[in-house]
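Peer 1: Please put together the full structure from these sequences, using the hints given.
Position 102 (the sequence shown) corresponds to 102 in the UniProt record's numbering; numbering is contiguous.
One or more of the hints may lead you astray.
[Stated by the list, open to error] Mimicking BS3-like on lysine-lysine, the simulated pairs with C-alpha atoms at most 25 Å apart in a straight line are:
{"no.": "1", "residue 1": "Lys265", "residue 2": "Lys97"}
{"no.": "2", "residue 1": "Lys100", "residue 2": "Lys58"}
{"no.": "3", "residue 1": "Lys58", "residue 2": "Lys97"}
{"no.": "4", "residue 1": "Lys259", "residue 2": "Lys49"}
{"no.": "5", "residue 1": "Lys265", "residue 2": "Lys58"}
{"no.": "6", "residue 1": "Lys58", "residue 2": "Lys264"}
{"no.": "7", "residue 1": "Lys49", "residue 2": "Lys255"}
{"no.": "8", "residue 1": "Lys264", "residue 2": "Lys97"}
{"no.": "9", "residue 1": "Lys265", "residue 2": "Lys49"}
{"no.": "10", "residue 1": "Lys264", "residue 2": "Lys49"}
Worth flagging that the hints you see were computed from the coordinates, not collected in a lab. Quantities reported herein were computed from a predicted structural model and do not represent experimental measurements.
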Amino acid sequence: MAASAVVLAASCAAPALALSDVPASARSGGLTAIGLTSDQRLVEFDVDKPARAWSMGKISGLAGDSRLVGIDFRVQNGKLYGVGDRGGIYTLDARAKAWKVSQLTAALSGTAFGVDFNPAANRLRVVSDTGQNLRHNIDDPAAPLTTTVDGTLTNPTTPPSTARGVTGAAYTNNDLSTATATTLFDLDTMADRISLQSPANAGTLAPTGNLGVDAAPDAGFDIYYNPATGMNHGFAAIGTAGAYRLYGVNLLTGKATDKGSFPKKYQVTDLALPINQQ
1 MAASAVVLAA
11 SCAAPALALS
21 DVPASARSGG
31 LTAIGLTSDQ
41 RLVEFDVDKP
51 ARAWSMGKIS
61 GLAGDSRLVG
71 IDFRVQNGKL
81 YGVGDRGGIY
91 TLDARAKAWK
101 VSQLTAALSG
111 TAFGVDFNPA
121 ANRLRVVSDT
131 GQNLRHNIDD
141 PAAPLTTTVD
151 GTLTNPTTPP
161 STARGVTGAA
171 YTNNDLSTAT
181 ATTLFDLDTM
191 ADRISLQSPA
201 NAGTLAPTGN
211 LGVDAAPDAG
221 FDIYYNPATG
231 MNHGFAAIGT
241 AGAYRLYGVN
251 LLTGKATDKG
261 SFPKKYQVTD
271 LALPINQQ
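Peer 2: Written out as structure tokens, the structure reads:
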């Protein structure tokens, strides 16, 4: 793949989007991603051809929310989820219809957010550009179905300072194996860099490297894990020079490699890659 790859060993009422919804031709030609646009549409695109993104539909069915702020696929069931601006949590079908399944019990704080599922803990992580760091239990009966407010995202400055640019978050090693560890990476649009968030619940950030791109405040970030090869591939939707483009991201150096622009009518501000494509 053109995107940088690393091995990180240590570290609904309607059918939701999953690999079965992706045409076979797209699967054989390369990885397919789902994007959330600035005008609240879901689009589908090949990561090697973002300019050919096509609309799946306008987001509908929100209850108590006015828009979605982030999306991610959940390895436990393969479904696509979205988080609303007032904390609603939804599954999304192939026509962008939203079905509410849960609700954050802590209010969101910020204007741009990162959303990703922890595959090992089966919890939804939500971070924001105010340093907010949330962990939500959607449906695990072994624990309260509530939101935990974790430690504020903190940069390793002297003295430590709140990170106010984290608008993308993604976990590595997205599988169901109990032997596989997972690591949380963040995309910081204020510092234009990738950081390791560890411990994730503490919110402590350790920069891994600069993007090399002057990023707009709101960015999308996801990591595709190939269980056959054990490789993790980072992808980001980043606004630069007034338009959003797709980038491959080297998680260990932070370097972003341009993979092309999105159509002007579909400015993708967040993205999620279906699980187990290759």
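Peer 1: Hint by hint, where does the structure go against what was stated? Just the numbers, ascending.
Peer 2: none
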